[in-house]
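Student: These are the residues of each chain, in order.
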Amino acid sequence: MGDVSRRLTGLTVATAALAAVLTFGATPAEQASPPPDFGGATAADATTSEASPGAASDRAGPSSRVRSALPPQRILIDTVGLDARIRPVGVTGAGDMAVPSDPAVAGWYRFGPAPGSNRGSSVLVGHVDGDTGDLGEFASLYEVRPGDPVEVRRAGAEPARYRVTARSTVPKDSLPPSAFRRSGPPVLTLITCAPPFVPGRGGYQANLIVTAEPLTA
Amino acid sequence: MTSRTPLLLGASAGACALALAVAAPATAAPAADGDDKAMVSVFHGVPGLTVDVYANGDELLSDFEPGTVTDPQSLDAGTYEIQVFEAGQGPDGTPAVEKEIDVPAGANATVAAHLSADGTPQLTAFTNDVSEVDAGKSRLTVRHVAAAPAVDVRAGGQPVFKGLENPKQDTAVVDAGTVPADVVLAGTDTVAVGPADLNLEEGTSNIVYAWGSAEDKNLALATQTLSGMESAPNTVNAGGSGAAATPNSSDEWLAWAAVTGMVALTGALLIRRTASRRG
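Chain order of the listed sequences is A and B. Every letter in the first sequence is one number past the one before it in my numbering, and letter 175, counting from 1, is 1282. Every letter in the second sequence is one number past the one before it in my numbering, and letter 74, counting from 1, is 76.
With the rest of the complex left out, here is chain B:
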């Protein structure tokens, strides 16, 4: 089955998903416009601040509202000086936050502007795992980008991710479908965010950002969905008794018997004749 190879590659690439600088799962998800491009989206998770985003001095986004995420766009691979300004303050003012971010060729990444655990704005680049998932499955990734302590993430009441800290992520491949999810303080049943229904469509990657500030009581969830990770089912077993493959009329059996018999008979004659010639 041809999908096996990408699946394996995807799995090994997925293990490296924490560091953007590490090779992205480019094999399973080719970049849009060739080998020297990367797909980049931006998430804004700093509460109360509408911003403009600049890359190497050029405006990338304007009037970008908190809690939103952009569609991925194709960028040349390379190193970008990302600067986030309060809307209208760039590019000559003082950025709210800035960071040099390396975007490797073939990567699919989301740059998140968010609060650190102690409430300071910062930029974090996350690699998006866009490797294929098995048929019927969906990928769920949670990124802790809130000014809040470590959390557990529960889906359908069951902990899926435990002890997740800012600014880390955890990921799992789960059955496609809609699940109620919430975020609790790690090791407790104290709900910090949610519950919210997550619609995990088959063959997609769903990235949930837990963002905001616990102190300011504005913790929230935002979801980014990437599609195109589907793969075909392994096989299609659409047969039963074999009736459709088995000759079942008596005439046919007779005919088969005749052929078989004739072959056997002629074969025997030939062998005898050959034998007698030799003798």
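Extracted from the complex, chain A is given alone in its bound form:
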């Protein structure tokens, strides 16, 4: 039996070593599993619109939401080379968030707050890759680190500036509704797709969510 367990140990070590080589050898966008989460519970998760006392009066109140009239035009995260034009998007007929088909272009969820708003989660989305096999601009989100500066350029205003605070991967059917909250502390929420990739089940099965908080001037 000792013989067997020694061999098992050897096997484990060999496999782990190779796995380690693989993990560090692959560029983040090429890995078959999503990049690690960081940042823990985000501001987006911590405050759901259902739970906060202020939201109840919002819900019942008149249309008093603060909406920025400044649609975002371009997002840049220099540390990972992300640079994408932005266009407004809504929802598809099936009730899914619409995503620009060009993986070089990001979509802003126009029903929610615009980046630079003083409340709620401003959502930008981008394809992780295109149908032709090109990687999307938002594939760079696999490489971001806590503290990375995010700049969202707007027409007629200074850029809205954020820093990355959290990243998480969630199954596509469990996207936290707080990512789309319209009240509470302001955050920028960046969404793309993440492995596993199952062609027979609509492709990617998870969403990668990066949360960024406003830089205080």
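Mixed in with the good hints, there may be bad ones.
Claimed, not checked - Residues on chain B that point at chain A, a partial pick, calculated with CB under 8 Å:
(1) G138
(2) A216
(3) D218
(4) G244
Since the hints were derived computationally from the structure, they do not count as laboratory data. Every residue, glycine too, gets a C-beta built ideally from N, C-alpha and C.
Starting from the known structure of chain A, arrange chain B on it as the hints suggest.
Tutor: Frame of chain A; chain B shown alone:
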């Protein structure tokens, strides 16, 4: 998806929206200050009369102009004696109209002072459906509170509600956006009110009051908007070919092959060794 449950609850609650006494969609829209409160707004739709509104003898509103609606305010649930006086005549004078109204806990309601179909002032309590709507949608409710016969309501030229009578309401969830709307006599193309552009913002409930008097030719529309009914999109499909998930360098394939091969080889050796020990 967590929003599904409130959506379903909202739908079932919405079906009961006609009667205020019926449980309001409290699950989807909690009251502001706990379980024993209700959100109440007041609409004034009696033409030509500025009023003061009293609840249980206390002044609730003063110098309230026709065609306006108040912001919702939090009230204790319970039964209220609502009295509407011509401005300055209350509370010891003769009310223009009065009614006992039951406000259940958790409800969101609008009390409307308006004309009946035959032109008599009356009070009607409407339950506001504040359940969530799907992403990209908006709720449109029309309340017929005018001294006028049954009407059809058209949006973008298409009838949305048909045969609506005073003092009833009809409601539908529609795509968010701006639509031209008008009110016609039921079954005809005779325009009674409008057209007017309705700005139906996403995630809101928009309540349109058709008020006034056909005989006095002062039919008009007034709109009350309640926000906070938005819900998140179902999913975000932000992937294409799978390129970002697929190892695509040949080195990597070799490495994977090596791991797989090694596992298989070692596994086979182990099995053989175990087998030989047993033998």
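Student: Would you mind marking each hint as holding or not holding in the structure?
Tutor: So, going through the hints one by one against the coordinates:
no. : hint : verdict
1   : G138 : holds (4 Å)
2   : A216 : violated (29 Å)
3   : D218 : violated (29 Å)
4   : G244 : holds (4 Å)
When the structure is compared with the earlier hints, violations turn up for hints 2, 3 and for no others.
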